[in-house]
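Chains A and B are the protein sequences, given in the same order.
For the first sequence, position 98 matches number 97 in numbering that gives the first Met the number 0, and the numbering has no gaps at all.
For the second sequence, position 150 matches number 149 in numbering that gives the first Met the number 0, and the numbering has no gaps at all.
Calculated directly from the structure, the hints in this document are not laboratory data.
Wrong hints could be hidden among the right ones.
Since copy identity is lost for identical chains, a pair holds within one copy or between any two.
Only pairs whose alpha carbons sit at most 35 Å apart, straight line, appear in this in silico DSBU-like list of lysine-lysine [unchecked claim]:
(1) K130 x K244
(2) K31 x K200
(3) K244 x K218
(4) K244 x K31
(5) K200 x K244
Number of protein chains: 2
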Amino acid sequence: MSDRTATLDPVVTEDHEALDEDYVLTASFVEKVVDAADDGDGMRLRSLLEDLHPADVADLMGFLTAEHRGVVVLWLPPELLAETLPELDDGIREEVLEQVAPGTLAEALQELDSDDAAAVVEDLEDDQREKVLAAMPATDRAAIENSLGYAEDTAGRLMQREVMAAPLFWSVGDTIDHVRAQGEDLPELFFDIYVVDPHNKPVGGIPISGLLRAARTVKLSDLMEPVNGIAADTDQEEVAYIFEKYHLISAPVVDSAGRLVGQITVDDIVNIIQEENREDILRLAGVSDESRGAGVFGVVRSRIPWLVVNLGTALFASMVIGQFENELKALVYLAILMPVVASIGGNSGTQALTVAVRSLASRELTSANAPRILGREVMVGLFNGVTIGTLLAVVAWVWFREPLLSLTIGLAVLINLVAASLAGTLVPLALDRLDRDPAVASPVFVTWITDTVGFLSFLGLAGVILM
Amino acid sequence: MSDRTATLDPVVTEDHEALDEDYVLTASFVEKVVDAADDGDGMRLRSLLEDLHPADVADLMGFLTAEHRGVVVLWLPPELLAETLPELDDGIREEVLEQVAPGTLAEALQELDSDDAAAVVEDLEDDQREKVLAAMPATDRAAIENSLGYAEDTAGRLMQREVMAAPLFWSVGDTIDHVRAQGEDLPELFFDIYVVDPHNKPVGGIPISGLLRAARTVKLSDLMEPVNGIAADTDQEEVAYIFEKYHLISAPVVDSAGRLVGQITVDDIVNIIQEENREDILRLAGVSDESRGAGVFGVVRSRIPWLVVNLGTALFASMVIGQFENELKALVYLAILMPVVASIGGNSGTQALTVAVRSLASRELTSANAPRILGREVMVGLFNGVTIGTLLAVVAWVWFREPLLSLTIGLAVLINLVAASLAGTLVPLALDRLDRDPAVASPVFVTWITDTVGFLSFLGLAGVILM
Numbered sequence: 000m001s002d003r004t005a006t007l008d009p010v011v012t013e014d015h016e017a018l019d020e021d022y023v024l025t026a027s028f029v030e031k032v033v034d035a036a037d038d039g040d041g042m043r044l045r046s047l048l049e050d051l052h053p054a055d056v057a058d059l060m061g062f063l064t065a066e067h068r069g070v071v072v073l074w075l076p077p078e079l080l081a082e083t084l085p086e087l088d089d090g091i092r093e094e095v096l097e098q099v100a101p102g103t104l105a106e107a108l109q110e111l112d113s114d115d116a117a118a119v120v121e122d123l124e125d126d127q128r129e130k131v132l133a134a135m136p137a138t139d140r141a142a143i144e145n146s147l148g149y150a151e152d153t154a155g156r157l158m159q160r161e162v163m164a165a166p167l168f169w170s171v172g173d174t175i176d177h178v179r180a181q182g183e184d185l186p187e188l189f190f191d192i193y194v195v196d197p198h199n200k201p202v203g204g205i206p207i208s209g210l211l212r213a214a215r216t217v218k219l220s221d222l223m224e225p226v227n228g229i230a231a232d233t234d235q236e237e238v239a240y241i242f243e244k245y246h247l248i249s250a251p252v253v254d255s256a257g258r259l260v261g262q263i264t265v266d267d268i269v270n271i272i273q274e275e276n277r278e279d280i281l282r283l284a285g286v287s288d289e290s291r292g293a294g295v296f297g298v299v300r301s302r303i304p305w306l307v308v309n310l311g312t313a314l315f316a317s318m319v320i321g322q323f324e325n326e327l328k329a330l331v332y333l334a335i336l337m338p339v340v341a342s343i344g345g346n347s348g349t350q351a352l353t354v355a356v357r358s359l360a361s362r363e364l365t366s367a368n369a370p371r372i373l374g375r376e377v378m379v380g381l382f383n384g385v386t387i388g389t390l391l392a393v394v395a396w397v398w399f400r401e402p403l404l405s406l407t408i409g410l411a412v413l414i415n416l417v418a419a420s421l422a423g424t425l426v427p428l429a430l431d432r433l434d435r436d437p438a439v440a441s442p443v444f445v446t447w448i449t450d451t452v453g454f455l456s457f458l459g460l461a462g463v464i465l466m
Numbered sequence: 000m001s002d003r004t005a006t007l008d009p010v011v012t013e014d015h016e017a018l019d020e021d022y023v024l025t026a027s028f029v030e031k032v033v034d035a036a037d038d039g040d041g042m043r044l045r046s047l048l049e050d051l052h053p054a055d056v057a058d059l060m061g062f063l064t065a066e067h068r069g070v071v072v073l074w075l076p077p078e079l080l081a082e083t084l085p086e087l088d089d090g091i092r093e094e095v096l097e098q099v100a101p102g103t104l105a106e107a108l109q110e111l112d113s114d115d116a117a118a119v120v121e122d123l124e125d126d127q128r129e130k131v132l133a134a135m136p137a138t139d140r141a142a143i144e145n146s147l148g149y150a151e152d153t154a155g156r157l158m159q160r161e162v163m164a165a166p167l168f169w170s171v172g173d174t175i176d177h178v179r180a181q182g183e184d185l186p187e188l189f190f191d192i193y194v195v196d197p198h199n200k201p202v203g204g205i206p207i208s209g210l211l212r213a214a215r216t217v218k219l220s221d222l223m224e225p226v227n228g229i230a231a232d233t234d235q236e237e238v239a240y241i242f243e244k245y246h247l248i249s250a251p252v253v254d255s256a257g258r259l260v261g262q263i264t265v266d267d268i269v270n271i272i273q274e275e276n277r278e279d280i281l282r283l284a285g286v287s288d289e290s291r292g293a294g295v296f297g298v299v300r301s302r303i304p305w306l307v308v309n310l311g312t313a314l315f316a317s318m319v320i321g322q323f324e325n326e327l328k329a330l331v332y333l334a335i336l337m338p339v340v341a342s343i344g345g346n347s348g349t350q351a352l353t354v355a356v357r358s359l360a361s362r363e364l365t366s367a368n369a370p371r372i373l374g375r376e377v378m379v380g381l382f383n384g385v386t387i388g389t390l391l392a393v394v395a396w397v398w399f400r401e402p403l404l405s406l407t408i409g410l411a412v413l414i415n416l417v418a419a420s421l422a423g424t425l426v427p428l429a430l431d432r433l434d435r436d437p438a439v440a441s442p443v444f445v446t447w448i449t450d451t452v453g454f455l456s457f458l459g460l461a462g463v464i465l466m
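Kindly produce the complete structure, drawing on both the sequences and the hints.
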């Protein structure tokens with residue numbers, strides 16, 4: 000046992016560490032699974048897998064071939080299979096779901112909270128979905144159908160219907176007795192109790208550690224704190240923002256009439272934050288929806304659109320350069336130095352736009368402070384432009400001993416860095432105002448602007464100053 | 000009241016909405032605060048602020064000038080001030096802390112859990128820190144000093160010492176009675192009970208909803224599930240990974256002997272995930288540690304290093320171009336088209352390196368699957384190279400009607416896109432192997448490589464094919 004995990008470790012099977020100290024499956028463990036699958040040794044597979052955490056089973060699936068996955072699925076204990084399904088990557092989940100009989104699946108799904116079960120059912124082919132739903136008890140089926148009735152990426156889809164609600168007039172003792180008696184119908188895990196009025200509207204929340212601390216006779220109405228219901232149609236990004244800002248562990252979800260319909264817990268939010276961040280970072284780099292298990296053509300599809308757009312903007316820049324054929328023919332050093340001006344501008348624009356996109360996402364940049372932030376960016380562009388422009392002018396002088404060339408390139412860099420600061424801030428702001436995702440389109444526009452301004456200012460100034 | 004928040008809303012003061020529907024402070028509310036501060040109307044300030052959530056007070060501080068902040072701090076109720084401190088941006092917190100008398104601060108800090116209190120004390124100047132600690136009760140002081148004894152960004156620094164532990168032989172009833180009696184010494188919020196052996200080593204965990212559900216006579220040892228203690232010296236990024244992977248709400252922290260010393264809760268983890276993501280995304284864009292309240296020179300400092308490095312790599316590219324003076328003089332269209340090859344290569348490299356950096360961070364890219372991923376990237380580079388190279392060759396032919404030029408530029412793009420795929424994957428992998436943060440240095444190296452290969456392949460091939 001490694002010294003990081005000083006306590007009971009459920010992932011040690013047969014005196015063998017399934018995970019290394021970074022909580023990544025060891026190559027030797029994966030090999031054992033592959034061997035057992037090759038031998039069709041089901042009992043050995045089960046003994047290897049049964050103590051794994053569902054998240055690790057999901058990781059394991061990612062390391063296996065489709066063929067081996069097929070064997071492993073057959074031998075996973077049903078409850079572990081159920082808990083693994085929500086953890087799988089989309090592509091692998093679809094493949095696994097095709098192999099499981101509808102009856103087995105219907106049974107497995109009943110082990111899950113309604114949000115996780117709905118996420119799995121959503122991925123089924125239409126005919127399989129019907130069979131699975133038909134094989135489920137009516138209440139479970141209704142819960143799943145209800146969840147799928149909400150739009151994707153909303154609070155309604157994220158929430159679980161199971162929720163611990165208590166009427167306003169209950170005492171702590173009443174509540175504890177209710178939990179002991181009705182435990183089966185409550186969510187598997189819950190962290191807050193929602194106090195509801197006679198219309199089932201949440202009027203307060205009590206963290207259960209607060210409930211435990213209080214005497215049995217205390218009224219819930221004396222213990223509760225104000226709580227904000229999240230409307231079921233709220234976008235998941237907004238939900239994540241609220242959880243993060245107010246450090247929530249769980250929150251009640253309400254329908255349009257304000258009635259309690261479910262709860263969202265923070266563990267789902269952590270996944271969403273990671274997903275949204277991953278999307279943002281990849282979009283800024285011009286990569287769309289690349290799934291981690293994608294094959295060569297999946298990857299190509301996720302990257303080639305931006306390369307084609309980039310080809311367009313780069314050719315536009317070439318057309319700008321083409322206007323200065325005479326200058327380039329006369330003074331070859333212009334051709335040698337011109338990429339420097341565009342490159343510095345491009346990088347400076349990327350810096351400004353990344354900061355702007357990030358600040359928009361975290362709501363640090365709003366229309367209230369946009370003018371101030373823009374003013375600061377222009378000052379930064381001026382200062383960086385003077386600094387980098389001077390540096391480049393000196394290098395150009397050392398290299399070509401042509402004072403007017405130094406003046407030209409220094410001025411061009413100054414102009415381009417101010418343009419980069421302006422574009423890097425204004426473009427994301429404008430896209431956000433137009434309700435477009437600034438992470439998707441900003442890089443295209445900003446690079447276009449800095450390339451164009453870079454070549455135009457350098458070669459244009461050269462035409463005036465040097466010719 | 001907006002229809003998003005269907006329940007009690009604590010942020011409505013004087014019939015006036017402090018927050019808009021996106022949970023951002025309204026401009027009119029900020030104005031009211033500014034007016035009250037200008038008038039020195041303390042009672043009005045207090046009535047405006049007292050119902051705000053600490054996170055909103057912190058946001059408000061970000062919108063105010065230093066002068067107005069000074070007035071607001073004077074009139075914040077002490078408990079609200081205490082809870083606001085951990086929410087403030089570093090720069091603003093330091094400024095606010097200088098204005099608060101050590102005695103007031105010592106009192107305020109006692110309201111906080113030990114991790115939050117330590118985070119505030121850490122920011123104090125040495126002499127103020129001594130005064131504040133001297134004014135605190137010995138146990139609170141010891142807790143803070145103990146916390147600061149752990150290295151920054153480790154589990155020990157993140158954890159709170161207050162933790163709910165119960166011996167193995169207790170029943171559910173014993174535990175609830177203990178919580179009711181000792182509530183004051185327990186953490187303000189807790190989500191799991193850690194069952195410890197006689198050496199105070201955690202041997203199991205029980206979510207408190209599970210405790211509530213069970214009858215009073217049930218033994219904890221029958222209820223508990225295995226739990227992994229997190230070593231106090233574990234890096235916070237690793238802690239976040241464990242929380243995310245296993246959907247933890249809280250986890251016990253243990254010392255080198257495996258004894259329980261504290262707990263980490265998921266709300267702190269959400270902040271760390273956002274912080275690490277923010278760092279990654281900004282580093283990839285060549286922006287270092289830019290704090291959101293930074294002035295012009297703070298921003299300049301965070302951006303100019305990468306621009307200077309970029310100036311160096313761009314000049315290196317110019318030197319490469321300089322080797323082909325004769326070609327450029329003879330064929331001006333080479334100068335017109337050469338930035339396209341470098342630009343496409345740079346973008347393609349950015350795509351590959353962003354995916355690689357991201358996959359390394361989420362441990363989807365490991366040494367186990369690196370060769371397979373690299374192989375896939377090369378295939379992607381080849382395919383994209385053929386596609387984009389062909390497109391560009393056609394455009395060049397339409398533009399210049401020179402078949403050999405089309406051949407030259409098509410081949411150059413193909414070569415550069417394969418180089419971009421290789422460099423974009425190998426550079427982050429190599430930096431990671433050398434224990435360097437791949438997000439910091441990868442963009443420099445990869446752009447350097449794609450610029451150099453781009454100009455070299457295009458102009459070099461031109462020399463061979465066209466001259």
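Hint check:
Within a single copy, K130 and K244 get their C-alpha atoms only as close as 42 Å, which misses the 35 Å cut-off; across copies the closest is 32 Å, which meets it. Proximity of K31 to K200 under the C-alpha cut-off of 35 Å is restricted to the inter-copy arrangement: shortest distance 32 Å between copies versus 54 Å within a copy. Taking identical chains as interchangeable, the C-alpha atoms of K244 and K218 lie at most 35 Å apart only when both belong to the same chain, with a minimum of 29 Å there against 38 Å between chains. Proximity of K244 to K31 under the C-alpha cut-off of 35 Å is restricted to the inter-copy arrangement: shortest distance 23 Å between copies versus 45 Å within a copy.
Taking the shortest alpha-carbon separations for K200 and K244, both the intra-copy value of 23 Å and the inter-copy value of 34 Å come in at or below 35 Å.
When each numbered hint is compared with the structure, no violation occurs for any of them.
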